[in-house]
Every structure is written in C-alpha cells, then in structure tokens.
Amino acid sequence: MLMSTILIIEQILNGLQSGIMLFLMAAGLTLIFGVMGLINLAHGSLYMIGAFAAAAVAGLTGSFVLALIAAMAAAALAGVLVEMLVIRRLYATDHLDQVLATFALILIFSEGTRWAFGSFPLFLDIPDYLSGPVTLPCGIQYPFYRLVLICVGLLVAVGLGLLITQTRLGVQIRAGENDREMIAALGVDISKLYTLVFALGAALAGLAGALVGAIQSVQVGMGEPVLILAFVVIVIGGIGSIKGALIGALLVGLTDTLGGVFLPQLFKLFMEPSAAQTSGSALASMSIYILMGAVLIWRPTGLFGART
Amino acid sequence: MIRERYLNGLVLVLLFAVPLWALSNDEPFTITLATRAVIFALAAVGLNIALGLGGLVSLGHAAFFGIGGYAMGILAYHAQTYTPLMEFPFVIEGTKSMPVIWLVAMVTSGIAALLIGLLSLRTTGVYFIMITLAFGQMFYFFSISWIAYGGEDGLSIYIRNDFPGLNTLVPINFFAICFAILCLVLIINGLIARSPFGLALNAARQVPQRIQTVGLDPQRLKLVAFVISGVVTGLAGALFADLNRFVSPTMFSWQMSGEIMIFIILGGTARLCGPVVGAVVFVMLEHFLGGLSEYWHIYLGTLLLLVVLFARGGLVGLIAGREVAHD
Amino acid sequence: MKLKSLILSTALAALASGASAESIKVGMITTLSGGGAGLGIDVRDGFMLAIGQSDRTDIEVVIEDDQRKPDVAVQLADKMIQSEKVDVMTGIIWSNLAMAVIPSATAQGKFYLSPNAGPSALAGKACHENYFNVAWQNDNLHEAAGAYASSVGYKNSFILAPNYPAGQDALTGYKRMYEGELAGQIFTKLGQTDYAAEIAQIRASGADSVFFFLPGGMGISFLKQYADSGVDLPVVGPAFSFDQGILQAVGDAALGVINTSQWNKDIDNATNAAFVETFQVEYGRLPSLYASQGFDTANLLISALETAHPDDADAFRAALKAANFDSTRGDFEFGPNHHPIQDIYAREVIKEGDVYTNKIIGVALENRGDAYAADCSF
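Residue numbers (our numbering), protein chains in the order written: chain A, -5 to 302; chain B, 38 to 364; chain C, 1003 to 1380.
Incorrect hints may appear among the rest.
To be verified - Derived DSSO-like pairs: lysine-lysine, alpha-carbon spacing no greater than 27 Å straight-line:
| id | chain 1 | residue 1 | chain 2 | residue 2 |
| --- | --- | --- | --- | --- |
| 1 | C | K1157 | A | K262 |
| 2 | A | K237 | A | K186 |
| 3 | C | K1191 | C | K1177 |
| 4 | C | K1177 | C | K1157 |
| 5 | C | K1027 | C | K1323 |
| 6 | C | K1087 | C | K1323 |
| 7 | C | K1127 | B | K133 |
| 8 | A | K262 | C | K1191 |
| 9 | A | K262 | C | K1127 |
| 10 | C | K1177 | C | K1127 |
Just so you know, the hints here were simulated from the structure itself, not pulled from any lab data.
Using the sequences plus the hints, can you model the full thing?
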C-alpha cells in the first residue's frame, strides 16, 4: 500500500472535516456545561432530532436549505422545551441527578422518535449542487460536500467567537461561566440566559445532525456515539472554552482518522498482515481515549480549561 | 417515614422471601430474575463505595464489571476445553471452581482499580468522570478485538461453575450464594462507613483541605476507596458471567457503567441499601414494563425522570427521609 | 417485552387437522427496539403472517424483545424454557446473541429454528441435532459475492468489513470463492460512520472492484459517501446492506450495486408470489429477505407439526429435517448439519417507479451448502 503524499493530504482533510463536525456538537455542549454547569447527556438526542427533522422536511419539500433550517429549529425547540420542563429544576442539584435525568431523556427521545418515524432508517441526501468531487490544487479529488462542511464549521466557529467576544450576550455568557450568582445579583435574567444558551447549543447539535446525516445514516441512536466523542472533545479542550472545543475537536478528528489509517500500516512493519490489521484497528479505536487520558494526566483540566 | 435501618431490613427480607415463595410455586424464572437483581445490586454497592462514600463519580466502573466477568470466562473456558492458559514459564490451567474464580476476579479488578485510580485521581469533577469513562472504553474496544476469547461474539460457558457442596445449576442455590455475598458486602460496607477510614473519607469528600491539616492524605484515602470499590464490582462481574453462562464486551460498555450508576441514583446515593433498592426496582421495571408496549423505554424514561425531579435522595430518601448525621 | 399472540385451540380443529391434540408453544426472542429493530420486526412479521395463514389454531407464539443485548437474550431464554415452558425457540437476529443462547437451549433439549443468525461455530464444531438454520450460514452470501466477482472477471478487489467476528467471516467467505488478487483489505471500526479515509485508500489502490460487508447504518453511510466520492468502481456485497428496509434510506447511491441473496421478491414460484402480495396487504410495505426467512421458518415448523410433536423429539427432528414445505425459495433442502443447501442469486439494485428494490440477474452459487459441515458430527 503506497503511502503517497496525496493519500496523506486527503486523510488530513478527512480528519479536519470530521473534527469540524464534532466541533458543532462540542461547542454547544461546552457552552451548556460552562455557563450552566449542566452535564447534558441528551445532547445526542438533539443531534438525532435535527437529522430526523431535516429528513422529514427534505422529503416533503425537496429543499436542502429548508431542511437545515428545520433541523436547527426543531432541535432548538426541543431544547427549549426540555430546558423549561426538566433542566430548570436541576441547576441546583449535583451532577448525578443531571446524569440520571438526561439519561432518562435519551430513552424518551429515542423510543419516541422510533414511535413517530418507524424503525427503519430515513432517507436524507446531499443536494445535487453540492455533490460530486472537485479537483484541488495538488491534483486531489475531494468530495465537494466535505469541503462545504469544513467551511460551514469554520464559519460557525468564527461566528461563535464573535458572539462570545463582541456581543452583550457573549459578555453575559463569559461572566456566567465565571460566577453565576454574581451576574444574577447584577440584574441579568438568568433563566432567560440559560434558555437561550441551551437553545443555541441545541440548534448547533441539530445543524450537525442534519449536515452529517446527509452523508451517513439517519436512524435512532445515531447521536450516542457522537455524544461520547463530544464529551471527550470538551474534556481535552477544557470545559467552557470554545477555542478549546475547536482545537480539541480537530485533534480528535485527526487522531481518529489518521490513527485508523496509519496504525495498521505501522503494525504491518513487524507483524503479519491479518494480525497487524486487527491490532492496528483495535489500537485505533482506543486512540482517542488514550489521547484524552494523556492530556488529562498532563493538564488535569484540559488544554484551555480553567486552572484550579 | 420509616427509619432507614428498618427499611434496609425490610428490603433484604423481601429480597430473600420472594425467591423462596417462587421456589414453592415452581417459578424458577422469578428466582433467576431475583439473582440478576442481587448481582446488579452488588455491582452498584461496589460503585457506591467510591461514589457515595468517596464522592468519586466513576463512569467507567463497567471496566471492573467486565474484568471480573472475563476472569471467570477465560478461566472456565480453558477448563471446559481442557487447554492450559499458559505453558511457559509455568503451567496455569483453567478452573471451574467458583471460590478460585472469585479470588482471581477480585485480585485482577483490584490491580486494575489501583492503576486506573492512580492515573485518574489526578483529576477532579467532570474531568474525573470523563477519564474513568475513557478507561472503560479502552477495555471495551480491546475486548472486541480479542478474538481469542470471542471478540464481539463473546464466550459461552456451557455449565455453571462449581461451588463446594452445592449443585449450582439449581436456581435457588445460586441465588443463595449471590445473596449471601451481597449481605456480607453490605455488612462490610456499613463497617467501613463507620470506621475511622470511612469517616476520614467522608470528610475528604466534603472538604479535602481540612483532612490535610490533620495530617491525612485525601488522595490516598480516595485511592483505597476506589480499589475496594473496583474489587466488589469485579466480583459482581464474575457472578454475572456465571448467571448468564456468557461473557461479552457489552459488560465493558459505557451503557453498562451508566446503568450501574442509575441503580445508585435511583435508590439513593450514599445510602447503604440505596443501590439494592435501585437495582431491584430497575430489574422489575425492565421486566414488567415490557408488557405494556413495544416502546416501553418511554415509560421507563418517564418514571426515572419523575424520580429525579420529585424524589430527591432517590427512593430510599423518599421513604426513609434525609440521612441522619452520624454520631 | 411480552407481546403474547395467543391463538386459542378448539378441540374440533385440533382433531380435524390430524395432528396431535396438544398445543405447541413457540418462544420468539428477537430485536424489537433500538437501532437494529427493523430486522427483528421483519422476521416477526413474516413469521406471524405464515402462522396466521395456516389453518392451525394450536400454535401459541410468545414474542419478547432482546434489545440486542446478550444478557437480556440469555435471561429471556431462561424465562421461555423455565417459565413459559416452550417447545420450540426461534427469532434471534445477531450472531453474538445466538452464541449466547442457542448452545445452552439446545443442550436442554429444546428445538431451535434460526430465521437469521448462522454463526460458523454452530454449523461446524458446536453443531447440535436440535438446531436448524432456515436462512443461511453466515459465510454463504459472502462466498456468493466472491464467486460472482470472479465470474464477471474482477481480478483486483478491494475488500472491507468491520472488525468483529461476522466481519472477519465475511472477508474469509469472500476470499474462499474469489479467485483474483486483493488490491487491499481493511477492517473498519464497528459502528464507524465516516468512511472518507477508506474511500481514499480505495481510490489510491488501483482496484477494479469493491466488496464490502457493512450491515445497517454503517452500510448506508458508506454507500452515500462512496457515491459522492467520484470513485466509480463496481461494488459487490451481500444482501445485508441492500435489503428492502435500507434501500429507501440510501436512494440513488445504491443503484446498480450487485448484491447476493438467497431470496428476492421476483423468484418465480407460487408461494413466493403469494407471500409478497399478502405481506404487502397485511403490513403495507414490501418484504425483505428477513421477512421471507421468518415466513419460511414458520412454514417449516408447521410442516413438521403435520407429522410429529416436539414431545417425541426424534420424530419431530426427522420431520424438521425432511423440510417438507413450500418455501419462498422454491425447493428447500437441509444439509447434514441442518443448514440449507440452496442457490444464492446475484441481484441488482433498481428503481421501480418510486421504490428502490432488487432484481435477480443470475445465480452466483448453485446448491451451496457451507464450509463447516465437515466439522459437524452428531
């Protein structure tokens, strides 16, 4: 198997793209945890709701753009409902109660979606104007849609950065991450802020679900694997830090992709092919967690987390 | 409000009485169900030592559950195929004797807990939760790729292991073994909580700095609690593998870690019998709700949600009131 | 978990059918919730359609959901055997759950008819005389893909499957019948959803064809991404990623792919035509191969009941082995290890109006048993 430069560059692009999509999930999760101190296990369900809403709307109208808007709206709506009915009562409690409550929400959302949409996966496809490969400068053929995903992700990152640093809402968010009681004492409407942050995080998750669902499978339970990865990302990056979420997501995406491709090759150097393949694959699956473990041992609060 | 002591006694008596009733009514499956509840309770009691006493929220305890299970699986597999585990430098044969298997399960889980604890306890809060989850996931992916012992398909052990003096294939006998172990561990748990070690641990959970001023090391206390916790959960894993006569990577999954934690939270964190109540209720819900509808997870989720929102302190907290301070 | 479908007996009907007057209880453990529920639901629906169409009123089917968890499946099996006291068991979709349940169930004297999972251990070394597989042995569809690939002249295949026993069996099966070279072989991660890296490797490898086994959502993801990548190599695979339930989710990306299956809706016999039509009327959707497997399993059971009752184990076993029923696949025959000997077809994914479905284009393997029969002795 030739390790050509073209292959390596293509894999790096792939790693970046999968990392960027993870960032959409992780950004919402880190905001929610940073501002509200809430462990939200149901974030994966919001991702799933976004994908299902997009599939439903795309099926009805045929428009991908409408589907994306529907995805964000549906996820945000679900987020607002969940926040007002359930989460609101949990701010004062410890993490354990939040774990149980949001775990219960996963059950309700998953089977609820299956009850509403049936047990078979749904159809969602990228629109024709975004499909097909393009030729990049170095002669690489790369799917256009994935480049679009990278751009969308970076736009969201820039947008969030601007939101956090330049707007009033951003100031409130940053203050809220620092000291919740203080900003309440200073007259900020905490409950509205929290609902807004939760809705924003949910919308981002829904957008990720729709964008990724178009090139993967839209089915019940699609959110949980991404949820775990997103938690890994925000821990590596540091809770509450958008910059950390971006760097962490890119690190995780690159490690996952490059590890999966190159570890088996590495093992083939001193093992026979099928054993090398199995061991390489196994190590590749574990690689993200090893990375997280290593980061935490070096910096116990993540790369950009608040130092204790 | 019932005193917690009476509630604990009631729970244990019921847990013993129901299988006896099932025995006289020829309902062997109820006994199996009760055994499953008891084993889950044991796993949760183990986690509760770290979580309730030590304040260590470990979302990777399935690692120990799985280690115990695979200890049983590997030993019994080599015994049933009459091949030794290792031939060099010294021969290790498989075994189907329960006490030996339990010993191996506890020792290996303990060693794993020591290593994982040493690395993880450098972090706190949600970072601790995540690093324990990471270790659990590492074991999970490793076991899937370990083709020698079945990989994702898992290992089937055709006959239950032996316990001296009892026919372990008879459901009530195996239940009695598991129940006896649970009661023993509960007694030990109670003793630990009241011992100088337990009180220091309790203080370390609440305000670590104060402990240090007295000359104790909170890290060491937490590590010891973590190891004990891993040992108990590992034992539960070995029993679980024996109950099902099957061990597979799902015993390592994060969903399993989550379920063990759910038992504790449902029953009442840091309560002695909280995990027992939680495990029993969960197993019963799993069994009976399924008859309501194909989408019974919705009912399960709603019930759990109601417990969290309206029954702070779990079910034990609901029935027995808030925890009384130790004297 | 409990969806009891109780078909009460009347003495007259039982006597009139000429079979034993005792009723028979069937325990079906299958996956009815979660992401993989589509397969279990199809098997259940096919099975119950056949039960409903037979004029027997003495078959009671107890259906439970295993949630795709091995420990739940083991517990349900215990319940069926100890509490419900079933005579025959069936239903399991996944090989790992099958390995957890079947050896001990058959060892306790129960008959097991598998409508799907066909692990190699149960076809070979760990076979049991009470175990019958009505669908296939896991390797069969992959072997057929390999045979087809060689028959149309593919000489340099790139093959991939997830890194778990069924995935490893898939690649082994393909290589058993495929006569060309391998441009590459990859084991992906179980549950992986992004295949950009693998597709890039396929592009760089110089292969002339691609074979993959990626069941469920994994296959949907791979196909969509593959179709978008511009790599235009022909694709071959087993039916597991191209069944009726999945095709609608993949859409155009699957058109033209060749997949191998022991059944398709256009197999030309009266039983199959009636099955496809009545399934659509009853359930409002086209049947998949899983539904046909459930249907055939029920009819096998019913045919055996015509001449024997499970209480007389030897007679019942012989009746099962005779397989004297009309299968949707035409003639049906068991090999010595109780796995089918059958033709495996090559089919192409096409679009009929608005619906994506498969069309048979040829026979990939004729009268195929399996590679493990020689290891089996009972």
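Now for the hints, and whether the structure bears them out:
no.: 1; hint: C:K1157 / A:K262; result: holds (24 Å)
no.: 2; hint: A:K237 / A:K186; result: holds (25 Å)
no.: 3; hint: C:K1191 / C:K1177; result: holds (20 Å)
no.: 4; hint: C:K1177 / C:K1157; result: holds (12 Å)
no.: 5; hint: C:K1027 / C:K1323; result: holds (20 Å)
no.: 6; hint: C:K1087 / C:K1323; result: holds (23 Å)
no.: 7; hint: C:K1127 / B:K133; result: holds (22 Å)
no.: 8; hint: A:K262 / C:K1191; result: holds (18 Å)
no.: 9; hint: A:K262 / C:K1127; result: violated (32 Å)
no.: 10; hint: C:K1177 / C:K1127; result: holds (21 Å)
Of the numbered hints stated above, the single one contradicted by the structure is hint 9.
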